[in-house]
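Chemist: For the protein sequence lines, the chains are A and B, in the order given. If you're matching positions, the first sequence starts at 792 in the working numbering and goes up one per residue. If you're matching positions, the second sequence starts at 5 in the working numbering and goes up one per residue.
These are calculated hints, taken from the structure and not from any lab test. A quick note: this is a predicted structure, and the numbers were derived from the prediction, not measured. Positions of the beta carbon are idealized from the N, C-alpha and C atoms, including for glycine. Hints may be right or wrong, so weigh each one.
Label-pair ranges, simulated between beta-carbon atoms [unchecked claim]:
(1) Q906/A - T389/B: 48 to 58 Å
(2) G936/A - A34/B: 24 to 34 Å
(3) R909/A - E456/B: 33 to 43 Å
(4) R260/B - R862/A: 50 to 60 Å
(5) D940/A - L50/B: 26 to 36 Å
(6) G380/B - A858/A: 49 to 59 Å
(7) L183/B - E1023/A: 46 to 56 Å
(8) D940/A - G219/B: 35 to 45 Å
(9) R909/A - L124/B: 42 to 52 Å
(10) R909/A - T154/B: 48 to 58 Å
(11) R944/A - L183/B: 28 to 38 Å
(12) G1093/A - A203/B: 35 to 45 Å
Listed here are the chains, written in short residue letters.
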Amino acid sequence: MLSRTADSLYWLGRYMERAGNTARALQVALREAGMGGGRPARGESWRALLLTSGDLALLHASGVGAAEIIRHLVMDRANPSSIQSCIEASRQNARQVRTALTVDMWEAVNDTWDQMRRRGGAMPSADDLPGFLDWVKRQTILFNGAYDDTMLRDEAWRFVRLGTMLERADNTARVLHAHAAALSIIGDGTAEDYLNWQAILRSFTALRAYQWVYHGRLEPRRIAELLILRGELPRSMIACHARIEAVLDEIATAHGGRRGECHRRAGEIHARLRFGRVEDIFSQGLEAFLNEMLARNIDLGGQIAEFYLHN
Amino acid sequence: MAEPIKAFDEMGEPAAARAAYAEIARWLAATPTAQLERKRQEAELLFRRIGVTFAVYGEGGDPERLIPFDIIPRILAWGEWDHLSRGLTQRVRALNMFLADVYGSGEILKAGRIPEALILQNEAYRPEMRGVTPPGGIYVHIAGIDVVRTDAAQFHVLEDNCRTPSGVSYMLEGREAMLRLFPGLCAAHRIAPVSHYPADLLETLMSVAPPACRGLPRVVLLTPGSYNSAYYEHCFLADEMGVEVVEGQDLFVEDRVVFMRTTAGPQRVDVIYRRIDDDYLDPAAFRADSMLGVRGLMEAYRAGNVTLANAPGGGIADDKAVYPYVPEMVRFYLGEEPILANVPTYLCERDADRAYVLEHLQELVVKLTKGSGGYGMLVGPHSTTEQRAEFAARIKANPADYIAQPTLALSTVPTFTGKGTAPRHVDLRPFVLSGAATRIVPGGLTRVALREGSLVVNSSQGGGTKDTWVLAPDAPC
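The following block holds chain A by itself, in its conformation from the complex (with noise of 0.2 Å):
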């Protein structure tokens, strides 16, 4: 396959993705926001939404309102990862490789383009916003579906999942990074704390996930361990970091078994996730332990490109 090709299908996936995150992490600050009781209007999940989002500048500006940065964080065009900037991307790079997509696919993309193009820049209202953010949401989960269910398990469709599974699992650690704080609180913490532990899990709709492997009250380690840990949560670091060395292995066999940097280093990812346990990742540090995995997240996306896609 041409190293274009792929390039553009990786980054298809990486930006639908990315749309799904970004609407996921604004219904949770809504919800939080909603809750109002006197909480500073910019609470823990502004923070950690900019935190997530990169947006430092955002986040250290002075008088900037709620309504600025979803505006920033929905219709944004000067700012990449913004949702309409994410579904414009995914777009383009479908347009580029239409005929490498199935239809069902093509058209989950072009229908979500087509009707945000509809909205003309337009924000939703703030009663619509949720319903707006549910129907991204939405849009991501059908073009998953959509490559899931009918792409050929060739080359394509390994390079749309390798760019989906690189960016959720570094959401995951973005997220996690952002509430490091809130998660390394030892004891039972306030009502406050407890509030953000409960965000934080709503971030990967993993509330429910929780009770079910614990069946108990929330902690900050079991929420580190399910979201780093435990490979029965689809949106946890180690169960992203799995696939993509699986996927990247099925490249590498259907290449006569040529491997590069970006295989080695994927697997001692993985690897690390594996063997590790949620006391040494406390008794390094949780902030340290993430940094360090986002580090090695982009020096993997950086591998890949350098091995795969811009060779």
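Using the hints provided, position chain B relative to the given structure of chain A.
Modeler: Frame of chain A; chain B shown alone:
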């Protein structure tokens, strides 16, 4: 607009239609207009859905346009086609020999049969090609020769296209559409098939792989990208041939060998069917600002490590000022009389020709030597006094830029107008493939001027296309 031009109608009077059109005349007489209109709409929907569009950017309106498709086929009897195809083969052989000659020892120039300055000082002449011998001595692997008809016996070549001729996808999709829309009518004729064109093209391209190539040659199609007006055709042909469509950025040259960037690592490329102009092929050899090409491509080409189809520099063979000499090429290289005639052409650069042109502007068609697509031309009988005055001034200012030809009464073919059928002027672009063998699929792309009386068939000027049916030899006609 002046009086309509009296033209030869290929069907003839409906009551006494020419033999090849007998079935079509019966069918037209028996089919109500409303039904034809329904079929026209169906055809449009079909083309929309497949996505057979040509992209026009920067002119406003819908950037993905549909070329109108006329549902009434144009018919050629086997005898007519046979004559035409022999003429085309002869002509393209001569054009290839001419290119080998002017980039080699220049015999035809030494013999004084073509003025040396016309070739060597022509912008289309590429000194970079001097001394390069492409595999098999073939320069023009894919030629689109525009042919017009003026009466039952006479075909004229209007133009040779030796660079990157397009339109073959319309020929193929047009046939598919007709088979779906009118299975009965198709079955009532013995139509020579065209659907093997992509296979012929691939074989042609493989047959001219560089001698250094081992194993099955790897062929790619090089496109300027999705903003090019013929991008649909590029993807269509590549898909049909089962080869990659690449952009310049997908290729690179190392040690004078061309590679394609793939997920399995660099893969050597042997033959490039390029659909980008010479100027943009290689920033190191031609235009330095080209973002579309591949740096070092020409060096790899000169080293004999890759074949470019068509070869760079082919434009000197289809230059409008060189065109009048093509019959001379046929005589010089093949020792034969040309089977197909040229249209008499006046080169405004020559004093006597220019004087005649300026005197007779009202009867002539004036064209830019560097123009294409029907732009920058004057159709004398359809022109106003002001337009003629403007062209006269332009010709005097830059005589070398203009040629003139008599206004030909292009033949007409019945065409659906929405209200019924009426004769409309047509031309024909057959595609001639040259490799180890010369092949032409029977027929080609018929372009039709849809506006009443118009002689300009270019799609940018209100032209459409028709399916072209060559009736197989044992057809009853």
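Chemist: Now, for every hint given, state plainly whether the structure supports it.
Modeler: Hints, one by one, checked against the model:
1. Q906/A - T389/B: 48 to 58 Å: 55 Å, holds
2. G936/A - A34/B: 24 to 34 Å: 51 Å, violated
3. R909/A - E456/B: 33 to 43 Å: 40 Å, holds
4. R260/B - R862/A: 50 to 60 Å: 54 Å, holds
5. D940/A - L50/B: 26 to 36 Å: The hint (26 to 36 Å, Cβ to Cβ) holds, given that D940/A and L50/B are roughly 28 Å apart.
6. G380/B - A858/A: 49 to 59 Å: Distance hint for G380/B, A858/A holds at roughly 55 Å.
7. L183/B - E1023/A: 46 to 56 Å: 55 Å, holds
8. D940/A - G219/B: 35 to 45 Å: Holds: the Cβ-Cβ distance is about 38 Å, inside 35 to 45 Å.
9. R909/A - L124/B: 42 to 52 Å: Check failed, 59 Å falls outside 42 to 52 Å.
10. R909/A - T154/B: 48 to 58 Å: Given about 53 Å between the Cβ atoms, the range holds.
11. R944/A - L183/B: 28 to 38 Å: About 35 Å separates the Cβ atoms of R944/A and L183/B, which means 28 to 38 Å holds.
12. G1093/A - A203/B: 35 to 45 Å: 43 Å Cβ-Cβ, so the 35 to 45 Å window holds.
Hints 2, 9 from the list above are not met by this structure, while the remaining hints are.
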